[in-house]
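Engineer: Work out the full structure, taking the sequences as your base and the hints as a guide.
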Amino acid sequence: MGDYPSRSASTDAGGSSVTARHARSAGSGVSPIPPDDLDGMRPPLGGGGALPRKARFSMETGFRALSTAAGGMVLVIIVAIAIFLISKAVPALRANTENFLTYKAWFPNDAEPKFGIAALAFGTVLTSVIALIVAVPIALGIALFLSHYAPKRLANPLGFIIDLLAAVPSVVFGLWGRDVFRVPVEDFSVWLNKYFSWLPIFGGDGPFGRSILLGSLVLAIMVLPIVTSLSREVFQQTPLMNEEAALALGATKWEMIRTAVVPYGKPGVIAAVMLGLGRALGETIALALTLGIVFNISFNLIESGGNSIAANIANTFGEANATGRGALIASGLVLFAITLVVNMAARAIIYRRREFRDSAA
Amino acid sequence: MSLLERESPGVFMTPDNIRSRKLPWVINLGIAVGALILAAAVVLGLGIGNWVLVIVVGVVFYLAGLFAAATRVEGRRSARNRLWQTLIYGACVLAILPLASVVWTLVSKGAARLDGDFFGSSMNNIGARDPNGGAYHAIIGTLEQVGIATLMAVPLGVLGAIYLVEYGRGKFALTVRFFVDVMTGIPSIVAGLFILAFWVLIVSPWFNNGTPRFSGFAASLALTVLMLPTIVRSTEEMLRLVPGPLREGAYALGVPQWKTIVKVVLPTALPGIVTGVMLAVARAAGETAPVLLVAGGAAAINFDPFAGNQSSLALYVYGQAGDASRYAPDRAWTAALTLVALVLILTIAAKLLARRNRLT
Amino acid sequence: MAKRIEASNVSSYYGSFKAIDSISMTVEPKTITALIGPSGCGKSTFLRSINRMHEVLPNARIEGRLTIDDQNIYDADVDVTAVRRMIGMVFQRPNPFPTMSIYENVVAGLKLNGVRKKSLLDDAAEKSLKSANLWDEVKDRLARPGAGLSGGQQQRLCIARTIAVQPQVVLMDEPCSALDPISTLAIEDLMFKLKDQFTIIIVTHNMQQAARVSDKTGFFSIDKTGEPGRLIEYDDTQKIFSNPAEKKTEDYITGRFG
Chain A
1138 MGDYPSRSAS
1148 TDAGGSSVTA
1158 RHARSAGSGV
1168 SPIPPDDLDG
1178 MRPPLGGGGA
1188 LPRKARFSME
1198 TGFRALSTAA
1208 GGMVLVIIVA
1218 IAIFLISKAV
1228 PALRANTENF
1238 LTYKAWFPND
1248 AEPKFGIAAL
1258 AFGTVLTSVI
1268 ALIVAVPIAL
1278 GIALFLSHYA
1288 PKRLANPLGF
1298 IIDLLAAVPS
1308 VVFGLWGRDV
1318 FRVPVEDFSV
1328 WLNKYFSWLP
1338 IFGGDGPFGR
1348 SILLGSLVLA
1358 IMVLPIVTSL
1368 SREVFQQTPL
1378 MNEEAALALG
1388 ATKWEMIRTA
1398 VVPYGKPGVI
1408 AAVMLGLGRA
1418 LGETIALALT
1428 LGIVFNISFN
1438 LIESGGNSIA
1448 ANIANTFGEA
1458 NATGRGALIA
1468 SGLVLFAITL
1478 VVNMAARAII
1488 YRRREFRDSA
1498 A
Chain B
0 MSLLERESPG
10 VFMTPDNIRS
20 RKLPWVINLG
30 IAVGALILAA
40 AVVLGLGIGN
50 WVLVIVVGVV
60 FYLAGLFAAA
70 TRVEGRRSAR
80 NRLWQTLIYG
90 ACVLAILPLA
100 SVVWTLVSKG
110 AARLDGDFFG
120 SSMNNIGARD
130 PNGGAYHAII
140 GTLEQVGIAT
150 LMAVPLGVLG
160 AIYLVEYGRG
170 KFALTVRFFV
180 DVMTGIPSIV
190 AGLFILAFWV
200 LIVSPWFNNG
210 TPRFSGFAAS
220 LALTVLMLPT
230 IVRSTEEMLR
240 LVPGPLREGA
250 YALGVPQWKT
260 IVKVVLPTAL
270 PGIVTGVMLA
280 VARAAGETAP
290 VLLVAGGAAA
300 INFDPFAGNQ
310 SSLALYVYGQ
320 AGDASRYAPD
330 RAWTAALTLV
340 ALVLILTIAA
350 KLLARRNRLT
Chain C
4 MAKRIEASNV
14 SSYYGSFKAI
24 DSISMTVEPK
34 TITALIGPSG
44 CGKSTFLRSI
54 NRMHEVLPNA
64 RIEGRLTIDD
74 QNIYDADVDV
84 TAVRRMIGMV
94 FQRPNPFPTM
104 SIYENVVAGL
114 KLNGVRKKSL
124 LDDAAEKSLK
134 SANLWDEVKD
144 RLARPGAGLS
154 GGQQQRLCIA
164 RTIAVQPQVV
174 LMDEPCSALD
184 PISTLAIEDL
194 MFKLKDQFTI
204 IIVTHNMQQA
214 ARVSDKTGFF
224 SIDKTGEPGR
234 LIEYDDTQKI
244 FSNPAEKKTE
254 DYITGRFG
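Residue numbers (our numbering), protein chains in the order written: chain A, 1138 to 1498; chain B, 0 to 359; chain C, 4 to 261.
Don't read these hints as lab results, they were simulated from the structure.
Derived DMTMM-like pairs (lysine to aspartate or glutamate); straight-line CA-CA distance at most 25 Å:
1. A:1241 x A:1456
2. C:198 x C:238
3. B:350 x A:1370
4. A:1390 x C:107
5. C:114 x C:143
6. B:21 x C:80
7. B:21 x C:73
Calculated from the model, a selection of chain C residues having no Cβ within reach of chain B, i.e. all distances over 12 Å:
8. 16
9. 24
10. 34
11. 63
12. 64
13. 231
14. 238
15. 249
From chain B, some residues computed to sit far from chain C (all C-beta separations above 12 Å):
16. 51
17. 83
18. 88
19. 92
20. 100
21. 135
22. 146
Think of the CB as a built atom: it goes at the ideal place given N, C-alpha and C, for glycine as much as any other residue.
Structural biologist: Shown next as structure tokens:
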């Protein structure tokens, strides 16, 4: 090392002229400051003196504050939603002369407001449950087809199309349900009524047009893409080595799926179903167009009738006075509470599943 | 012989014979045809239904026949395998039917009003007997409402995600994340009710001499509430996918954190963030309920989102769907086709972008 | 009970890519045969073609004959699941079914075959776990999840699961590569014990292991990447490791490459 003349600008070899030459040849923007220049406030490169002080208000603190504020906005919005909705709902609830939870009809605009969500909540839950009963087996079948039966060249485009169907707006499904799908469903209802009217769900005398059956089936078609895509993802994540273990034991393809894929995917599928349930519960326009809008509690699926909280809001808010609006808001709060519970349960399952999977890996 | 072989002679634990017969596809086809014919005979003969019932009963007969034949020829396990395989394939066919119907109806009925008049005029002064009228005002409404909502939701959402990923520690961050999850579950009509209660009924009278005013901006606010959690979560996911070493390299060079985020992390995650935003926009464009509640609905063209009622494409479809005029269905379907085209273009573009720029 | 395996000019293809070329070897019943060689030279591919597991990957194809006691397993009318029942496999990474308990894991194969009677299942589970040298360690916690065991125990569980269905042949694809030395020795002891009942073929990267346990050894290699793997030499283990006939084998044994 002693053989080589030191080129460092900080030694005295060569003196200041070397330094100046270095300055020119080092390219623009680089200006090595001689170590004894203390006129400027800048510390020498390489930190000869004290470390720089952290500025009180810099871009860093500003940016951090900005993003924290944005995060906080989420809390503000949620709290605002709660405050404003509750504050509008309470006066209406106080003015209600009937029990909000058990009364079936909806007359909040009268001089003596009488309204209750019994029929609405019943309709909301019934249509969603039936929709899931119809949609989930089919969705799981399609998901298994895409993950394990279809050749890759078919599975990817098909999966893509299903994702697209999840994006179609609900008003389109509602319109189709009411104008196109109603006809075959009506025929089906007539047939059910003819041969199965001894079952209360298929009884009655008609008419059989816009009914819970129609609404539930349209809802099922809407929920299908979501449950399918999520389940497909879950099934695809089955560890290949568990599938191979099952096959190596001499399992047929279905036995392999039953042994390795389905048990592994059960929590994920449950979460997918609950997310689908959440969407079904909150659906407004499709049901407003396909349900019969009758305020009663009945398990008869095929007679014209059925109503849901969201559909009721869409239908009656136009003519609602202040109390009427408050009543609708109160019913919306109940709906929000229900969907909240369902969504939280789904997330809890997903998080727990993720932990279990990561710890077992 | 082992205990197993003695006790369960039907169970071939150590099969000396590995050969088995397979069900020829011809037989399979024959069973299908036979089942259909039998079903037709039963259903139509007894007069209990129409061709739809024939197919349903035919499928049931086919499954039963297939299972029986396969059990005879191949064994129970193989028969069960075939049965489930057929059911799974059948699920796909069953789902395709209604979805194909939706697509077909959209295209065939929606073509009715694909004319310049539809896209160039509004419903102003269009009576129940007028065959004209269009959705120009609705399209303007959708574009403005969704556009303003995007302008509000994207910075808020991206910054919120940045907080959660880069700065958030401790209880506050956990609370924020929890409430983002809560927000994703808000039904769209509840978001509409909130803006109705907050903006339309309480805030807007200040600007309007004491009377509440519906506006396109109110709809934008509601759409922002709906878009925000989606944008936060998808941005958060994208930011987390940016490799740690990339950030650490910048820090090691002395680059402050905010600059690292703006100049290194965000650009890396940008395609994914854009994808998330586009999907949120597509969803917002299709929302009817919040617009129904707070935008007032209008027949005439209104370019001002802050004053006066506005319509939107989705709301227009809903309105025409409920309109008694016999020209309304055509308008409804063409508007529906336009809306679906808009939403699908956005969604497809978003997914293609995501595919090209996968960070994983 | 254990069977003889005979491969004649077995070549395996994935699509148009030839993975192994003209492998011919005979494996006698109740012996342990080790397949050694550098990475990527077709040992695992050949092993998987014996119980037709290579068909799990798309576009897999075989040329040649592979017979179990003179039955060609690649004939057109052969039932794949029967072949796999007859020839069990233990994989490189222990893979007990994560949602099942230890007991359920062991009897999984039996249940697939329609055995329902609890007394039979219990009996078979105990026998297999004893044969796998795992019974004493788990007999009090059979209902616990299979994934909760240590690596070595999990692998022995997988072996118990495999032998519970009483196969004729047991294939092992680098069964110890994911395990610590103590577990490895335990599994090797187990192999000696199992030799009395089954024909065992094991793929291993560990030459010392091959020398320790096997009766015969086959050495695989490839000329260069992209070429199919070939069986260079197949002989008694003693001979392979002390006086191999091929130069390539000698180079590998002595560590000059691989």
